[in-house]
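Residue numbers (our numbering), protein chains in the order written: chain W, 1 to 113; chain F, 1 to 113.
Worth flagging that the hints you see were computed from the coordinates, not collected in a lab. The reader is advised that the hints may include incorrect statements.
Simulated coverage check for chain F against chain W, where a stretch passes if three residues somewhere in it have a Cβ under 8 Å from a Cβ of chain W [what the hints assert, rightly or not]:
1. 38-47
2. 69-80
3. 102-111
Just so you know, even glycine gets a beta-carbon here, dropped at the ideal spot from N, CA and C.
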Amino acid sequence: AQKVTQAQTEISVVEKEDVTLDCVYETRDTTYYLFWYKQPPSGELVFLIRRNSFDEQNEISGRYSWNFQKSTSSFNFTITASQVVDSAVYFCALPATGYALNFGKGTSLLVTP
Amino acid sequence: NAGVMQNPRHLVRRRGQEARLRCSPMKGHSHVYWYRQLPEEGLKFMVYLQKENIIDESGMPKERFSAEFPKEGPSILRIQQVVRGDSAAYFCASSPKGLETQYFGPGTRLLVL
Numbered sequence: 001a002q003k004v005t006q007a008q009t010e011i012s013v014v015e016k017e018d019v020t021l022d023c024v025y026e027t028r029d030t031t032y033y034l035f036w037y038k039q040p041p042s043g044e045l046v047f048l049i050r051r052n053s054f055d056e057q058n059e060i061s062g063r064y065s066w067n068f069q070k071s072t073s074s075f076n077f078t079i080t081a082s083q084v085v086d087s088a089v090y091f092c093a094l095p096a097t098g099y100a101l102n103f104g105k106g107t108s109l110l111v112t113p
Numbered sequence: 001n002a003g004v005m006q007n008p009r010h011l012v013r014r015r016g017q018e019a020r021l022r023c024s025p026m027k028g029h030s031h032v033y034w035y036r037q038l039p040e041e042g043l044k045f046m047v048y049l050q051k052e053n054i055i056d057e058s059g060m061p062k063e064r065f066s067a068e069f070p071k072e073g074p075s076i077l078r079i080q081q082v083v084r085g086d087s088a089a090y091f092c093a094s095s096p097k098g099l100e101t102q103y104f105g106p107g108t109r110l111l112v113l
C-alpha cells in the first residue's frame, strides 16, 4: 500500500538552527513522485517540491534542501538557518493512484526567536 | 495569475442544513481534487474530477456528499443534511493534467453547530 510516515509530530527549534523533517514512504510502484507541502498558521497549503523517483540528486532551494534516498525510502527536508516564518505544519505526500495524494500526518515546526 | 480560489472561506451551518463549497481552479487547469482535513485524521482525498466527469470518488462518504465540475463555472462540493462530524477544512486542488503537481486553494472551514 502507498503510505507516508512522518514520525516527528512536533519539533521546536530556536531561530537560526538547522532542522530536518523526516519522511519515510512505502510504495509498490517502481516509478513515483514525492511531494512536500507547507501549511502555515493561516491555513493554506503551499506546494514546496515534487521529486521524481528517477532523480536521486539532492535538491536545494535557498534555505530549503531535500535528501531523497531510495535505498531507505526516505525523502527528508532540511531547513537551514530557520526563521520564525518557517513555523508551519509540513506534509510529505505520495500519490496513491497516480493522482490522489496520500499525506503523512504532518510535522508541526515551531521556530522561536 | 490567480491561484486556486475557494469560497466561502468560512461556512457555518446548523445540523441538517446543506453546505455548498465552491472551487475555481487555476487558469489552464482542468483537473480538480477535493480533500478533507479533520483535526485528528489529517488530509484525506475525497474526489477527483475533470470537466463534467467524476474520475474517482473513492474517498467520498457514500451518503450526503456529492461533487460536480460543470462545463462552465466552479467545481462544487455539496454536503446535504450536515452533521457535526462534517466540521473540517475542505481543500480543493487543481492541476493541468492528471499526474501533474496539485496546487491547493486556501480551503473552506466548515463548522456545523
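Against the structure, the hints:
no.	hint	verdict
1	38-47	holds (count 4)
2	69-80	violated (count 0)
3	102-111	holds (count 7)
The structure is inconsistent with hint 2 alone, although it conforms to all the rest.
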